[in-house]
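Chemist: If you read the protein sequences in the order shown, they are chains F and X. Residue 0 is where the first sequence starts when you use numbering that gives the first Met the number 0, and the numbers rise one by one after that. Residue 0 is where the second sequence starts when you use numbering that gives the first Met the number 0, and the numbers rise one by one after that.
Below, computed lysine-lysine pairings styled on DSSO-like, alpha-carbon distance capped at 30 angstroms:
no., chain 1, residue 1, chain 2, residue 2
1, F, Lys336, X, Lys114
2, F, Lys215, F, Lys91
3, F, Lys277, F, Lys336
4, F, Lys155, F, Lys33
5, X, Lys69, F, Lys226
6, F, Lys155, X, Lys183
7, F, Lys203, X, Lys23
8, F, Lys140, X, Lys170
Note that these hints are calculated values from the structure, not bench results. Please read these numbers as outputs of a predicted model, since none were measured by experiment.
The residues making up each chain are set out below.
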Amino acid sequence: MNKGSQFESIGAYVPEKIVSTKELVSVLPESAVKKLELLTGIRERRVCSNQDDSVSLAVSAANECLKHSRYDASEIEMVISCSITKYYGGLKHYFDPAIALYIKEAIGAKNAICFDISNACAGMLTGVYIADSYLRSGLIKNCLVVSGEYISSLTKNDIRGIRTIASKGIASLTLGDAGAAVIMDIPDDDNFSLSLDNFVTLVKYNKLCVGKQSQKGPGATMKTDIKAIHEASIKNSYPLMRNSLEKLGLNITDFDFLIPHQTSRSAIRSGSQYFKDKLNSEPGSIIVNVEEFGNTASTTHFLALYKKLNENVFKINDRIMLICMASGLVLGILVFKMNNMISRYGNNN
Amino acid sequence: MGTIIKSIAISENKSPLNRKGSIKLCSEAASRCLENANIDSSELDIIINSGIYRDNHIAEPSIASILQDKLRSKPNKALFQSPTNNGTGHTFSFDLSNSGCGVLNGIQVIDNLLKLGRISKGMIITGDANPIPELSRNFEFPGAAAAVFLTSSNNCPGFESISHYSYPEFKEDFTGYTSWQRAKQNGGFRNVLNIEQDESYLGNCIQCASKSISGFFSENRITIEDIDLVITSQSPPGFPEGLREENKLPVLMKITENNKIAPYTAGPLFDLHSNWDKIQSGQANRILFVTVGAGISVSIAQYRNYCAE
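For reference, chain F alone in the conformation it holds in the complex:
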């Protein structure tokens, strides 16, 4: 059995078209909704044009990941596609075959086993959880975990039904399109192995965010009880985090970076304050990546990591915690130390 698994390289891709929150809310009647940017910290988001879809976003992210990887696509042994949205050829949502097949073909991973995972915004971290077990078992030597979220159709469909800031469709206005990818393999040094812990589904809360195909327009629709899902996520993440810290023999102050699921700046800040009050301490830095991209569903953690890698923010051995929070209610804690992949992003720290 192997030591563990690590992140070998990370990639992401966002479409070129930008839609500002100001522009989005200009069509809405109520003045409280017009304060959406102030409330969420989301200034703008990227939106797919006619050339993009879930598969193309995933392929672009995977190719960006491969650019920074020691592996060639033909050496990739497993491809797990983790998106909620499976649009291919525009807004055609594919059920058969798995879109992981289209992704692996497009990037040239012809020898890879492939399948799709879906677990709401926890998709990529669920894919990492699965890939980690395959790598530890020795069944594979590497794995590409990828997601392409063409999610802006929800904004178009749900904006019509929004009257006030309390409307159940308001969360759809925070969404942005993106692709993200991570290649995982077995580290030479166990110091860099991932620690995945306390992944649970608290089904008592599973009606708080429901997304399905729309019958009012192409694409999907989503209804969210924002306040309730935020409270449930924070209240229940805390004991999971505390338990993970105890098992690892660490304090939150040992962490250089904490990256929660990226929903809105106010949600991340209130969650961070809750953890700080409970733990009486805080990590070095909490990464907030919503200003330019909004909530990009299953890709948020890796989009944030990719951005910070390119900004040369990380040093080797920086300790990072990813907090998984998603509809279901799916929660989980992932801890790792930054390894020498930073040198492949032009960083010699």
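Let chain F serve as the given structure and place chain X on it in line with the hints.
Modeler: Using the frame of chain F, we list chain X on its own:
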């Protein structure tokens, strides 16, 4: 240590007047599976759903989490109040889809986690039914679901090897997708489910599966003489018979004569269920699972049922 199937159950729409959706069918199959195993759902560490065509095309939360909720028989405990799922006290669930092969992909995920000691009890639930009958074209799968409960055994080999094969040159042979188009009934635009199957799909499935079986035998240094029973996907209709004929495969019992009913993702488990009593009584100890699906994807597993004294 081996991963074994402790119990299995199925559920199906028997009457066209009593059409149950996939979630209802899946939760019925899963409940029966738990009852057969004499365990409560709260003891499951992990639930994986590998069904594809689900009520109203729900995209989130996962269908597995909806099923986890439906199976709850006791009030939720607080976190860390029971040993389930590594001490968290709560199950972890998610969807895994890979056409007709998803069941074996899911079994392999659970097998890994069992062998790593991360879990001790896992369930695969799989089922399909027409999501919205008035908004679908060519959806012919019968409403059907199945569930298997998996755990570890110290003296039974269980699943010994699971392999996957891909034939992407046939990826357009079978597709299922929704698109915004005129719905047949009132002419208005809706998201309509389209199932498109090329006439060469059945023949290509049989050829790809046959080639994969040869590859699997070669990789595992076994021959057909080492196998007592082959459990197969039931879809596309004609696949089990065609595969059997092409490869001279041994079989104990057919599901039905002139079988036109072909459960989709639950098909292999329907086949297993129909042979379960014979397997449990020792008439078949060395079992080959052969699943096929869109892609064309083929997954094959070897399962040994006999236990050391």
